Amino acid sequence: MSQSTSIDRSAIRRGITDALPLYVPAVPFALVIGLAIVEAGLNPLAGWSGSWLIFGGAAQLTLVTLLGSGAAVIAAITAALVVNARHLMYSAAMAPTFQSQPGWFRWLGPYMLIDQMFALASIEAGESDPVSFRSYYLAAGATFWTLWQLTTALGIFLGPAVPEEWNLEFAVPLLFIGLIVIGIDKWTKVVAALAGAGVTYLAAGMPNRTGLLVGALVGIFAGTVAERMSR
Amino acid sequence: MTTFIASVVVGVGTYVSRAIFILALAKRRIPDSVMVSLQFVAPAVLAALVIAVLTNDDGSVAIGLPEIGAFIAGGATVYKTRNHILTLVVGMSVFWVLRALL
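The listed protein sequences correspond, in order, to chains A and B.
Sequence positions in the first sequence follow our numbering and run 12 to 242.
Sequence positions in the second sequence follow our numbering and run 2 to 103.
No wet-lab data here; the hints were simulated from the structure.
As the structure is a computational prediction, the values presented were derived from the model and not from experiment.
Heads up, the beta-carbon is just placed ideally off N, CA and C, and yes, glycines get one too.
Worth double-checking, as some hints may not be accurate.
As the list claims (entries may be wrong) - Which chain B residues face chain A? A few, computed with CB under 7 Å, are given here:
hint, residue
1, Val9
2, Ala53
3, Val62
Excised from the complex, chain A in its bound form (with noise of 0.2 Å):
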């Protein structure tokens, strides 16, 4: 167990040096992220307390949207876990390399295992050994998470000076868009979205914003039956 608190200098400044490239994407998230709590009218430090609560940007993000936007809290919770559920993915394939790890750092590790450290963290777990691989691992994620807290609050302050005319509300459905296209590797995918965007149009008229969740659920059927049918 004394390996347990070993560190190994060198995998530390590749991890930083890993993450900061990383994080440049990120930024306008954290910085919509932050103009959305301002113009949902929240409770600035609540809404930045989602920062390092959840430490996920597209979960706050759809909780402070849809928070501000008058659905039901029930609604905007579970759209924001339903969002989150990918993460299932993340920690199944982590797992095997978490094993070789001491009992602190399994709990830690997966409060950052954020999309940006499951991609790192899988390319380093084929390469080093548990000493190198915690040490790369807690200075990415160290690195994600300090800029993540700092440029979200960036993001609340910055708000209030943003003209109302520029509607950069729209930036947010905007980035998610972003984020569809860059995680569309196959058709069925596509399906998946068309229907998710088009039941939650037809949906839309459903209180406290609930279509989107019969939406989202709809589309991930619709890309299950799509991929069955494909094989």
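Using the hints provided, position chain B relative to the given structure of chain A.
Relative to the frame of chain A, chain B by itself:
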């Protein structure tokens, strides 16, 4: 207070979804049928969200030519460049121009 409590709930749920296999079910595998469906969570939910955030309080959806034009321009930009900042710049510009013209 509601916002903070909602963030706590989502935070706990998110942590559980990231931790469950690492902490508790390391020897278990997600059944293949569930794995197939999980990959569609992100595209389906994000697309549903696009519509949800454009929905007005009366249940109408504020999606017209400026929005569609911006989505196409932004989608093409991110597809070509994988750059979210450029995507925002292009998408917002198309949105502003179309809205001013129409």
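Val62 of chain B as an interface hint toward chain A, with CB separation required under 7 Å: At 5 Å from the nearest chain A Cβ, Val62 of chain B passes the 7 Å test, so the hint holds.
Interface hint outcome for Ala53 of chain B [beta carbon to chain A under 7 Å]: holds, 4 Å
Interface restraint verdict for Val9 of chain B against chain A (beta-carbon cut-off 7 Å): holds, 6 Å
Consistency note: the structure conflicts with none of the earlier hints.
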